[in-house]
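Undergrad: Whenever a hint applies, use it, and build me the whole structure from the sequences.
Protein chains: 4
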Amino acid sequence: MIIVMKSNSTENDIQEISKVLVNLGLGVHISKGSEKTIIGVIGDKRKLSDVPLELMNGVEKLVPIVESYKLASKTFQPKPSIIDVGGVKIGGKELVIMAGPCAVESREQILASAEAVKKAGAQFLRGGAFKPRTSPYAFQGLEEEGLKLLKEAKEATGLLIISEVTSERAVEIADKYVDMFQVGARNVQNFQLLREIGRSKKPVLFKRGPSTTIDEWLNAAEYIMSEGNYNVVLCERGIRTFETATRNTLDISAVPVVKSLSHLPIIVDPSHAAGKAQYILPLSKAAIAAGADGLIIEVHPNPKCALSDAAQQLPPEDFNNLCKDIGRIADIIGREFHYAG
Amino acid sequence: MIIVMKSNSTENDIQEISKVLVNLGLGVHISKGSEKTIIGVIGDKRKLSDVPLELMNGVEKLVPIVESYKLASKTFQPKPSIIDVGGVKIGGKELVIMAGPCAVESREQILASAEAVKKAGAQFLRGGAFKPRTSPYAFQGLEEEGLKLLKEAKEATGLLIISEVTSERAVEIADKYVDMFQVGARNVQNFQLLREIGRSKKPVLFKRGPSTTIDEWLNAAEYIMSEGNYNVVLCERGIRTFETATRNTLDISAVPVVKSLSHLPIIVDPSHAAGKAQYILPLSKAAIAAGADGLIIEVHPNPKCALSDAAQQLPPEDFNNLCKDIGRIADIIGREFHYAG
Amino acid sequence: MIIVMKSNSTENDIQEISKVLVNLGLGVHISKGSEKTIIGVIGDKRKLSDVPLELMNGVEKLVPIVESYKLASKTFQPKPSIIDVGGVKIGGKELVIMAGPCAVESREQILASAEAVKKAGAQFLRGGAFKPRTSPYAFQGLEEEGLKLLKEAKEATGLLIISEVTSERAVEIADKYVDMFQVGARNVQNFQLLREIGRSKKPVLFKRGPSTTIDEWLNAAEYIMSEGNYNVVLCERGIRTFETATRNTLDISAVPVVKSLSHLPIIVDPSHAAGKAQYILPLSKAAIAAGADGLIIEVHPNPKCALSDAAQQLPPEDFNNLCKDIGRIADIIGREFHYAG
Amino acid sequence: MIIVMKSNSTENDIQEISKVLVNLGLGVHISKGSEKTIIGVIGDKRKLSDVPLELMNGVEKLVPIVESYKLASKTFQPKPSIIDVGGVKIGGKELVIMAGPCAVESREQILASAEAVKKAGAQFLRGGAFKPRTSPYAFQGLEEEGLKLLKEAKEATGLLIISEVTSERAVEIADKYVDMFQVGARNVQNFQLLREIGRSKKPVLFKRGPSTTIDEWLNAAEYIMSEGNYNVVLCERGIRTFETATRNTLDISAVPVVKSLSHLPIIVDPSHAAGKAQYILPLSKAAIAAGADGLIIEVHPNPKCALSDAAQQLPPEDFNNLCKDIGRIADIIGREFHYAG
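Chains A, B, C and D, in that order, give the protein sequences.
The working numbering applies: residue 1 is where the first sequence begins, and numbers increase by one.
The working numbering applies: residue 1 is where the second sequence begins, and numbers increase by one.
The working numbering applies: residue 1 is where the third sequence begins, and numbers increase by one.
The working numbering applies: residue 1 is where the fourth sequence begins, and numbers increase by one.
Among the hints, erroneous ones may be present.
Since the list gives no way to pick out one identical chain from another, each pair is judged satisfied if it fits inside one copy or across any two copies.
[What the hints assert, rightly or not] Here are the simulated BS3-like pairs of lysine-lysine, each with C-alpha atoms no more than 25 Å apart in a straight line:
(1) Lys-276 / Lys-70
(2) Lys-36 / Lys-19
(3) Lys-70 / Lys-201
(4) Lys-47 / Lys-151
(5) Lys-324 / Lys-89
If you're looking for bench data, these hints aren't it; they were derived computationally from the structure.
TA: Structure follows, in structure tokens:
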């Protein structure tokens, strides 16, 4: 942390601040420039988290030097983490594909979905049981009934199950049925929920919020990790910008940026980023080429009959082609994906 | 709702769509332009919320004509709502000011805050007991202990109490102590929480999220209202943009826009928008001049000792001056505020 | 400027950088923290503008401490500038209102506009002669013919004339007719044009671009000032964000932020920010309450017949009411405006 | 175009509007919904560009159905355009790579750059002679002298030359030296410049602005095309968002979106998007995988000595590796690139 002093700050201001820092057990390094004096703070910045330095006399601004998250940081753990979910390793050489419908709608629908995505090579079946929808008048999900159907699909196909949890109650229920929790974009700073998931040890796919910076996202991941759950996989799913041609703007750069700041794996969700099925294939290829550890894709056996987000769900044949292309790109960039179609 | 057909759509495509609409009990109006055909859908759009029209053959895009929220809309209730909280009327002629520290820190601090804001004319004491913080290593609030202190401050001063709730559990606890719930920006689409608050009948201050459009915000308010709680007051608190000179960008236009779309009152939070105490006075005056029904402002008896968000809390003397200015502007724009200082 | 070194940087890296800095005549201050070393650079940062420090071995990032603009900065000139245009002082106690149609369309239209805005108290007549339009198929302005009509309106009413220039050629032509140039949002970083205006000494109203940070905007103003033209008045006109309820998002906070960073006056353009006539009155009042030095407003004698931006032009009677309200708010906040209606 | 009427509009309002439309030679189609009436306008929307329909009594809003650009649209020309520049075909099967330093600095530097990029397989040499810089105190380019050096490099290597033009004067000068003009992001709506380039017939690389929607960008391209120059190649280079980890946010989705709306080729500039050399390789691979027709990349023989944008220029060896990877991905996605290294 660096404290930049105002041009008109006094020697006394500097002494006052130094005193506060020294009393907290921190080191102080004063540097007088031609226009401004700066004070370098040496030691654990977290000692300062509740000290309002910016209000002390003569202070112009504070400049953080070290990021405020720790467990999620590459400084803490330089080697990339590999998260094991039921034997599938996320963040290793093999790419991971999670696929399935936006929402679990019926036994028939979810079993057909599972079969279709399994056939193309996906390792995970996704399907929403608790659906957060923009309008309260839209379909809200089958809840526990939906989770039971997902479990049945797992037994039928061997696919691992991932499903979104939206509340502490949902965590408790879903815990019995799923292999991996998903935290959706709208809950990226629902810290109560993050802590609850942190106390579970179950792996979690943690989506970025539509207006969350990468720095805030890693700080939010820290909420989960600081409770003891290190099995966090990040998921870029588009951010909100002025452009309206796509539902969100896929921040493809987040892939290499996260890889330079954190050891956590990162996958990409092109379905929510694009919001339109026709853009999912090019964005999926882009994500893998940029270095993502996998994809999560919405696939529906019959998108025209889907009860939610119909426009962004792929039919099985398109998903199959996508997996084929991903397999070929994987080879070239030193990754692996076993297209099964 | 209007369905815009692709240039190369066929007569058959149009017939197929018409059939689906008619089967849902909706009227159909076909209009052939020089380049494209459009189909007007007549009737309650909500019948369509789970029908994926955009996937039907020949469809280029859907254009909504009527907003999807209803109870929050001015069409539903043209007259402005006045929300009564313990005798104080929000949305009427009198401006409402809610003030107090970011977080309840101690008995002494909250009582001093209450006295200070009461003295200047505020009607509500605010103070966080459940604090959602960006980093898990920062002070997280006194929880129920904090709420008890707020209640004590109410008894000492007669101020009404407002405090943020961040989970269903917090709603249950806070219900015993506060006069008005606050839903923070991070929870604007935490629909589980919104429904819980909808089932209570206690008034709620509902903040806009940093990347929530006004349309989405009113749809989210609909979650609370559709459960039966119509006592919703909106609060603009800044949106996330590329500009970093302020913590958020206060969307001052949201005040007249909301007033043109909805009957719900709207107040402004300049503290979180600006993030710096020095900008709070001009932004407060701007908000009132733009037609806001009130303000919520962070005030701390001694900001330099605050445990959170120190930089954006006003000391009592500045808050006092702010109330004096607000009182004078109120007179000019046909509102009232009784500066008590 | 501070250089933050990587955790794994070496003593040698630090020595190399120090050598480069010392050779440029700059001072060096090294501070070793618990996790990272930082190097403070002492002296004129502009000596570094073409030295790629961020590529030297061991460097993690550069943190600027002093802003890179100089002439526009409050450090350079702490006292607010007052720009005199034909006897009207912008930035002084008196508020300045510039008003008139989006585009000059005809002799009759511009004379009627001039009379109307004069009557309400405006000091400047605005009117576009060179119109940059989003589509090439829309009306592009009367060019020199329009400027002549503006001059005629000046002679008839005594109003000062402001009009937009979009190219070096337009600067040359307009120079003969207008009292103040306007640089529009689309040209905020058209540095060629800015320099040209800098070489003229005529006052200029310099609009912020839709995606220009305040820091970049002040740097762009520096292009004009560094050529010798210090008569720069800034104009906030809304930035581009995800919100679409208004044409742009008026960044009302820019008013106090600019006043804290720069000595230049700042006025507000609510017409382009809102894009809808119904929001102009509340936003105008907000701007003045926030401390703006004036307003520029689109007024048309008959908006329904306007050839461009019809939706955001006020009819004379609404503009008259606006001026009346501005006059009353001015009194309260220690400014002056002589409503003439 | 659809006109949505207010709930309280009258029969008379509708008749008035119909009359205006019919007088313009447009067809009218009235459709009465349960809540609102809409009027479909049939015929060439451009007849309406200067008619302020939104101000007529009873009108709530206008909804465009057909995009306002024409020559750039896929409706106008469904088949992808292939732009021939000196025998190199942009938009065909072969990928095009343009590479070279940010700015032309010296004869030695530009010849070394040309040789390096040629060796890896690039078809174009880029290099800035007219440099628009954020601060007026930074290096501004060698102007005509720089263009002469580029021409010399062309003669030495056979590479085609592309260079940015920032004013009408620059167009005139550059015309003698370059094979393709480049219009930079800051000039995307400098319509004067666009028309000038439209009057030339020389191919142009037309960059998206940092806050330009895809729709506005295609409208701006229309300025060039409507003057007769159809040789336009688009270039996505990142948009401005709230994320600051990268200089801009590369809008990778713009590639498939542009391909669905327009027949013009589109390439990607990862250097300006990322702003950091370390992210250029993953973003380049992503761009090609997403379907871009090529790349423009900043390469400098010795980035540590670059006079501008040093942090984002690749050294030759990294560029060489990039070309190798692009060649391998090209094969897989049905494109071609002849890696020459």
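Undergrad: Hint by hint, note whether the structure agrees.
TA: So, going through the hints one by one against the coordinates:
Proximity of Lys-276 to Lys-70 under the C-alpha cut-off of 25 Å is restricted to the inter-copy arrangement: shortest distance 24 Å between copies versus 37 Å within a copy. Taking the shortest alpha-carbon separations for Lys-36 and Lys-19, both the intra-copy value of 20 Å and the inter-copy value of 22 Å come in at or below 25 Å. For the homomeric pair Lys-70 and Lys-201, the shortest alpha-carbon distance inside one copy (19 Å) is at most 25 Å, but the shortest distance between copies (42 Å) is not. Neither within a single protomer nor between protomers do Lys-47 and Lys-151 lie at most 25 Å apart by alpha-carbon distance, with minima of 46 Å and 31 Å respectively.
Proximity of Lys-324 to Lys-89 under the C-alpha cut-off of 25 Å is restricted to the intra-copy arrangement: shortest distance 20 Å within a copy versus 29 Å between copies.
Violated hint for the displayed structure: number 4, the only one.
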